[in-house]
Structure formats: C-alpha cells, structure tokens
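K.L.:
Given next are the chains, with one letter for each unit.
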Amino acid sequence: MAIKRVLVANRGEIALRIIRAAHALGIEAVQVVSSADRDSAAARLADRVIVLGPAASKLSYLDANLVVHAAISSGCDALHPGYGFLSERASLARLCSDNGVIFVGPDADVIDSLGDKLRARAIAEGAGVPLVPGTDRIASAKDARKAAEELGFPVVMKASAGGGGRGMFVARDAQALDDSFDKASTEALEAFGDGTLYMERYVEDARHVEVQVAGDGEGRVVHYGERDCSVQRRYQKVVEEAPCALMPAHLRQALHESAVSLLASLKYRNAGTVEFLYDVPREAFYFIEVNTRIQVEHPVSEQVTGQDLVQTQFRIAAGEVGALPQQAHIHLNRHAIECRLNAEDAANNFMPSPGRITRWSPPQGTGVRIDSHCEDGYLVPPYYDSMIGKLIVTADDRPAAVARLQDALDDFAIEGLTSNLPLLRAIAVHEDFIDNRFHTKWLEETLLPTFEKDIAGGT
Amino acid sequence: MSKPTPADIENLVEMFNRSDWEEMHLKTDDMEIFLSNDANARAPSASAAVPPLSAAVAAVSAPAPAGAIASANPAMPVATTVSVPDGMVAVLAPNLGSFYRAPKPGAPPYVEVGQTITAATEVCLIEVMKLFTPVKAGVDGIVREVCVNDGEMVEYEQVLVIIEPAS
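Chain order of the listed sequences is A and B. Once you know that position 211 of the first sequence is 211 in the numbering used here, the rest is easy, because the numbers rise by one and skip nothing. Once you know that position 137 of the second sequence is 137 in the numbering used here, the rest is easy, because the numbers rise by one and skip nothing.
Derived from the structure by calculation, the hints contain no laboratory data. Misleading hints may appear alongside valid ones.
[Said to hold, decoys possible] Listed below are the simulated DMTMM-like cross-link pairs for lysine to aspartate or glutamate, each with C-alpha atoms no more than 20 angstroms apart in a straight line:
| hint | chain 1 | residue 1 | chain 2 | residue 2 |
| --- | --- | --- | --- | --- |
| 1 | A | LYS58 | B | GLU127 |
| 2 | A | LYS58 | B | GLU157 |
| 3 | A | LYS142 | A | GLU187 |
| 4 | B | LYS130 | A | ASP98 |
| 5 | B | LYS130 | B | GLU164 |
[To be verified] Calculated Cβ distances over 12 angstroms to all of chain B for the following chain A residues:
| hint | residue |
| --- | --- |
| 6 | LYS183 |
| 7 | ASP194 |
| 8 | LEU251 |
| 9 | ALA254 |
| 10 | ASP279 |
| 11 | GLU283 |
| 12 | MET351 |
| 13 | TRP360 |
| 14 | GLY367 |
| 15 | ASP376 |
| 16 | ALA400 |
| 17 | LYS441 |
| 18 | THR450 |
| 19 | PHE451 |
| 20 | GLU452 |
[What the hints assert, rightly or not] These stretches of chain B come out as covered by chain A in the derived footprint (C-beta under 8 angstroms, 3 or more residues):
| hint | stretch |
| --- | --- |
| 21 | 82 to 90 |
| 22 | 93 to 104 |
Cβ atoms here follow ideal geometry from the backbone N, Cα and C, with glycine treated the same way.
Excised from the complex, chain B in its bound form (with noise of 0.2 angstroms):
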C-alpha cells in the first residue's frame, strides 16, 4: 500500500463516522491509524499516544516498531515489543516504572544514539512512585536505538536501549 493521503484518512473517518463500529484499528506498513468513540480510549501503540479530540478520535501515528504486538483489545494500549537484531545487545526494564531518558527535566539526556559506552554507563532512570533508579548500560559498545519515548511507562523486561556491543 502507498503512503496515505489526508484525503484517504479523510474519508477513512468519514466511513468510521457512518459505521456502528466502536473503533476501528488499521496498520499497514506505512502507518497506523486508530478511531475510537470513546473519548477516553487509547491508541494500542504507544507511539500513538495523541491526546483524544471529540467524539471520533483520529490518532495517526508514526510506523509502529517493527515486531510490535498487537493488542487482543485495542482500547487500551499494550507494550511494544521491539526485536533485537542479531549482534546487537538489549538493555531491559528490570521492572515496572516510568522511563526517562535524562536525569531531570531539560539536562541533556544519559546516552545519545551513536555515542560510545561502557557497561558501568547509565543510560536512563526507571521510576517508580518518585523512586528513581539508574540503568546501567551492562555492556561496553556502541548505542544504537532507544526503544521508548521520555516519560513513558515499560513493563518488566521492555527492551530500552539497543546496543551495539565492541567487539
């Protein structure tokens, strides 16, 4: 499928407006796209997480991760999956909690994509109600993909940060 043009979205909700259906969740490779009656409901990808207009609710979203999960239930959202690739190292969530990039609001944020590291390097902090915890890296390399948007909650064992181990 070709990249979409507003008017095909336009007319997507159009559809979605005339139908009886509560919501409506489509992914192609090129986008993702998530209409909902409910003002509350969510987008299932977190990637989509703009904030609900009015009665129907357009959320277009940037592609979704590759090997992102979909929910049985796209009212709420589910974590995203993000596959390693072969050679690369993954830093996981060791719990629950709220990502942040940065050690505090506006400071530059621990590691940048590209940047060298050692395993003692932090990469970023899991709160978890006002507890903030430091990741370490866990291997020395390179760092070549931070899986999780600031601010944002992972589960328990959420790939964080890709890296690319020194050989």
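So here's chain A without its partners, still in its complex pose (with noise of 0.2 angstroms):
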C-alpha cells in the first residue's frame, strides 16, 4: 500500500468507516476533531488526534487550510474527506496536490466541473444520457403554450438565472400557462435581474435512483449497480435501498451504462455517484447530479455486491494495480436497505434534539450491519448534522429484507434523546413500502400526515 498514513477529514460514523478501513489495508490514520469531538469512537480508534479549533464547524472541519496544515504537520501522505463538510470542495483537492497529499476522491478540475449544474448538464449530454426534457429560453405565454404542447402536460416553469423556487411554478394545463406565466417572469425579474424563463417537463410521481460507480482515472469506469432513494423528506434521503426492485432489466441496464459512460468520458478517478429522475410510467430516467464522493447510502451498494467501496477508495487513490475490479466480477444479488437514524423528533415538525443517550441497543444477527459512532452514555452535539448511524440490512430479496428491516427496528433501543426511530418504524410497516409503491414526494404527501396524526392522538 502506497498510501502509509491518512487524514481523516470527517466526523460520525463516517470517520469511524474510513479509519476501519484503513487500518484493514495497514494505513494510519490520524483523526481531526472540533473540540466537541475529542472523546467521539473515531478519536479513540485513530493512531492520533488532533484537535483543529472550537466546535463550530466554520473555525474546525470545514476549514480546508487547518485540515491541510494538520495533515502536512503530522505527516500524513493522503488525506480522506468522508462526504459533506469539504468533501466536494475541488478548492481541497486542489490544495492536497499542491502540498503533495493524496486526496482520496477525484481530481479538483472533475471536481469543479461536475459541480456546476449547467456545466454537469452540458458534459452529461455529451455523454449521451438523457436529461430531462425541456426548452431553451421563453419569451411569452402563447410560446409556452406551444412548448407545452410538444412536451406534454404537466410542465414546470423555471426561472434561467437562479432557483430556490422564484419564477417557478407548474402547470397542468394550457390555462395555467396563461394564468401565470407573466407573473412568474416578473418575479425572476425581479429576484434575479432577469426574468427569462424556461420549461421542463414535470416528472411526477419520479423516483430517485443512483448508480454507483468507481472509475481508475485513466478512463476505465465500472458500476456496483443502483440504488433506490426515493423515501425522502424536503430533499432529505431517508431510506435507500439496492436494487431499485421495480424498473425493468432492460432499463437498468441503459441505467448503468449512461452512469458509466458519462463518468469514462471524465476520466473519472476513485468513487462517485450518478443521480437520476425516474419517470416510472414513461419508462424513462432523466440526469440529475454527479457527486463526487462516498455517500451516506453507500452500504447498501456494498452489501449487494460484497464489494469494500472505502477499500477501493484508497486502493485507486494510492495508484495500485488492480484496484478496480473487473465489471464481470462485481456480482448484484440479493436486496439491502437503509435506514437513516437521527437525533430529531419527527412528532414536532423534526426539530433536531441532540442530548445523551442513555442507552444504546441496537439489534444484532444474519444481515444486520449498523453503521454509527454512538454507544450508551455518548452527547450527541448540537453543531453537527443529526445524523447518529445507519441501519442496514440484507436477505434474499426486497420482500425478506423489508420483514427483516421490520424486526430489527422493533429490536433497536434507543434512549436519552429523541430519535427518529418511531417514523421509521411507521415507514417500514406501511403497505405503500412493502408493496413498493411510493415516489420521492409520498413521504411527506401520504405517510407524513397521518403519522403526525397518529401521534396528535396520542398513540
């Protein structure tokens, strides 16, 4: 292993993943902490800490030039930025390679293109993969409704110059193109200077899939296969599983390989992930996103192929031979999912509730893997994302592995602080997921209202 000693640029149960995982390949890895996390599971199991500078993650793990003097100082050769804080960061990247640090994720130029939507858009249709149907810039009403007309209702108006909602709005039919098409110009103009609009089609019903891929950075890509995200909230995965049970061989196939060719056209060194719109009735998936990291869900793809994707992580960053595996030697069987724990309470508009946990069970036995670095007496602190683990679990095929998630929330204790254990348990129960019938707005349209009714009632 060429890579002798790592920084590990993250906190959680990520931190905890990635110092495992190096240490299963001989590395050291040296842990960086805020001064909330000094006693935190990762600093105890790291060869060495280091203590950046106060909690708040502005003055500690997301400056990128405290993380990197800490890696030079301490004689770090590679550097691992987990995902969120400064994961994405091509400016990271790039300060790593000035000083001679392996940045374990691709390179600072891939980094700062996949990042910027309009670029991503442009480099994926290039690639071939499809986006989502829409228009170059409308100029009226009348025009709007012809565009309309050739994409199909419903559509969705968009302002050109920014988003966060402004200019936007969806019409289902022609009246509605007129009733508002002014109106939403005006406001672009007037939050973004410029009131040009353009149209999308409307995805409803869309679900959320992602392809998994790694690629070696001389232009050999390969896929773990995809993954399903679709039980979310305000943009906020919650559950993920693999495969994406319901889309058809032949579209998965097309699925993987538009993940595989946009990232080869790259030259797409270590781990990424494409996401895509899934049209279900059109048979269709449209391009969203490129993220330049590991993710969160990245258990499920790893229990479905048996692949260590940390592992491999370090692997292409440390230039070794073979540390891609040949596409015909990653194998999808069996079905996984995963569950997001956090410290938040559901029943009260999910206000985050950091605290001590008192007590910390969580269940055990065939295919149940959990991620986290809690254990009983750990201050969950307010600074950070409350995010405290993940459930993961594993069987034969979708239907086994929903009864076996249902089993193992039953079994997981959690006490001290408020968790989202009670949502889960309702999603993992609730017919639409069991028959896998749900899209990425149904958590918060159908479940949502009546669990928040359930809990008013006092059950």
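Two chains, each in its own frame: build the complex with the hints.
P.N.:
What follows is the structure, given as structure tokens:
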C-alpha cells in the first residue's frame, strides 16, 4: 500500500468507517476533530488525534487550510474527506495536490466541472445521457403553450437565472400557463434581474435512483448497480435500498451504461454517484447530478456486491494495480435497505434533539449491519448533522429485506434523546412501502400527514 | 529512580533489540525514552522529536513537562498539555497551526521569559498554510514560560505561553 498515513477529515460514523478501512489496509489514521469531538469514538480508534479548533464547523471541519496544515504537520501522505463538510470542495483537492498529499477522490478540475449544474448537464448531454426534456428560453405565454403541447403536460416553468423556487411554477394545462406566465417572469426579474423563463417536463411520481460507480482515472469506470432513494423529506434521503426492485432489466442496464459512459468521458478517478430521476410510467430516466464523493448510503451497494467501497477508494488513490475490479467480477445479488437514524423529533416538525444517549442498544443478527459512532453515554453535540447512525439490512429479496428491517427496527432501543425510530418503524410497516409503491413526495404527502395525526392522537 | 547512566540506556536498547517488541516507551521523573523498530515512528512527547537513526531507534528526551498526557498509541505524538500553576494565566492557541516565537527566522523572539508585557503585546505567531496570525497576551504581566518549541505544531487550546498577571 503506497499510502502510509491518512488524515480523516470528517466526523461521526463515516470517520469510523474510514479509519477501519484504513487499518484493514495497514494505513495509520490521523483523526482531526473539533473541541466537541475530542472524546468521540473516531478519536479513540485513530492512531492520533489533532484538535483543529472550536466546535463550530466553520472554525474546524470546514476550514480547508487547518485540515491540510494538520495533514502536513502530522506526516500524512493522504487525506480522506468523507461526505459533507469539505468533501466536494475542489479547493480542498487542489490544496492537497499542491502540497503533495493524495486526495482520496477525483481531481479538483473534475469536481469543479461536475459541481456546476449547467456544465454537468452539458457533459451529460455530450456523453449521450438523457436529460429532463425541456426548452430553451421562452418569451411569452403563447410560446409556452406551444412548447408544452410538444413536451406534454404537466410542465414546470423555471427561471433561467436562479433557483429557490422563485419564478417557478407547475402547469397542468394551457390555462395555468396563461394565468401564471407573466407573474412568474416578473418574479424572476425582481429576484434575479432577469425575467427569462424556460420549460421542463414535470416528472410526477418520480423515483430517485442513482448508480454507484468507481473509475481508475485512466478512462475505465465500473458500476456497482443502482440504489433507490425515493423515501425523502425535503430532499433529504431517509430510506435507501439496492437494487431499485421495480425497474425493468433493460432500463436498469441502460441506466448503468449511462452512468459509466458519463464518468468514463471525464476519465473519472475514485468513487462517485450519478443521480437520476426515474419516470416510472414513461419508463425513462433523466440525469440530475454527479456526487464526487462517497455517499451516506454506500453500504447498501456494498451489501449487494460484497465489495468494500472505502477500501477501494484507498486502493485507487494509492495507484494500486488492479484497484478497480473488473465489471464481470462485481455481482449484484440480494437486496439491502438502509435507514438513517437521526436525533430529531419527527412528531415536532423534525426538530433536532441533541443530547446524551443513556441507552444505545442496536439490533444484531444475520443480515443486520450498523454503521454508527454512538454508544451508551455518548453526547450527541448540537453543532452538526443530526444523523446518529445507519441501520442496513440484507436479505435474499425485497420482501425478506423489508421483514428483516421491521424486526431490526423493533429491536432497536435508543434512550436519552428523541430519535426518528418511530417514523422509521411507521415507514417499514406501511403497505405502500411493503408493496414498493412510492415516489419522492410519498413520505411528505402520504405517510407524514397520518403519522402526525397518530402522534397527535396520543398513540 | 536515580538519573540513568549511558550504560543503563545501552542495556535498555540491547534488551529491546533482543525482544520481539515493536516499540518501547519508558517514562520516569527524570527521563523519557522511546524505542521503535519503525524508522518512521515518532516519539510520543513533542520534546523528543529526535530524527530516527536506523533499525532500533533511541530518542532520549529531557524531562517531559509536568502534566504531560501519555498517548494511547505511542507510535504517534500527542499534544502536550501543560498544567497552569495557580495564579498564572495561560495564552492558548486560537486554532491548530505552527508555533513561531519570532516574526521571521533569525529575528529576535516576540517575548523572553521574565519580560514585562501588556495585554496588547504579541507573544507569538500561529501559521496555517502560510497565513501568519499574531497572538496577543490578553493580560498585563510577566512572561514566566514559553511552553512550545519554535516551529512545532500546536492544537486548538494548547497552552503556548504562561504569564504571571500584574496584581
């Protein structure tokens, strides 16, 4: 192994995951922490701990200069960014390479181009990856009508200059276009100084699917199958599974090929994920974006392929021959489901609920994996993301995995703070979830209203 | 334990070479010794940063500062935590960085032990990726100890300088 010592530039469960992968490969791990994480499990497991700064992320985990300075001063030859924090900052990758530290991830330039939404779309288009059908700028309600007839209703109008929902509206018929076009254009003009609107097909009942890939930086890219992450709240994934059981085989193959050809066109190096919107009734998928890092939900792909993605990341970064497996050696079988455990109160508008865990009793048994940094007595600090762990179950097929998930969630006991366990249990036993009938708005539109009513009713 | 003689240390190194141990870390009131078979290993105390020689490496250091915390894993150094005597005020590192006593190499240090200073006196520099930030004393008084060697990495809230405040 060409890497001798790695700096772990993250915290929580992914820091532990990275340290364990490093140790398995004979790499020493230096854990950087904020003052709030001095006594964390990752700090204890690492070979050395360095305190960067105070609890606030901006003054510790989010300061690339501090992190790279720590890497150099402690003799690290590599840096693993994990997910979140600085993981998708091209500036961090650049700072590492400028100082002779291997960044465990893609090149800075690749992170830059994929991080820019319009450039990423252009790259995808160039690689023949389907985008959501849409138009160029539209000047009037009359032109909008004509374009919508070609695309098919419903459509969504968006402001070309910005986001955040301003200047955006969904139209289900021509009348709605006439009613809202001028208002939206004015809104966009006021918000962004540019009233230009464009149109996209509005994909209803969409699934969020994504393909796990890895590349060797020389143009060879392999995939590890897809994940279905459609159980979301406000674009935050709550449950993720692999594979997307309802996708027909021919579509699945096309999806994998799209992801591979997109990243192969960039000679992508290391692990990445290509996200798509899956339009179930139309049997179509559209490119959303590329995540240039390891993801929270990577374990479900590990479970169905038997591959260790974090170790693979290290091997690729070290330039090891044969680091990237042959596609023919990545077998996809079984079904895995992951739930994100959060310290938040689902019954109280998902308020974060940090505090001390007085009892941490995760389930155990065949096909049960827990990725977590929590233990009895652990204080969940209020400064960071509220995720306290991930429960991943694996079984022969989806129905067996759902049954295993229900049992595992029943066996899980967390005391001392409020977690989202009750919500996860409600999802796991809901007939729509059991029957695999849901889309990205299902949790918010279908499950949560009844869940909140049940909670209010005192059950 | 009395002060070890060079022969004592030779004996220790020989014993270590005969053993199947990876490392040995021995600390007494008077001395600290760190032996390792790994040429890249570093002594756990920052004060023992003697460059490794070959195969078995002996790094004998001056007494560790009072209150030094032993590392769980002696293969890598840990920050030295200095206990601050009653009535003294410690100047702490505002963040991780490299510690410098002087504004530039060869220049006289910002402060010397025994020097009378004011709260606004700059006592050292902390460098992060070539960005240098002076650290102020924060209190009027007399410099009693500079706790870090020039050029060493310091961590957040590490004690840099100890000052006896003016009454």
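K.L.:
Taking the earlier hints as the rules, which of them does this structure contradict?
P.N.:
5 and 21
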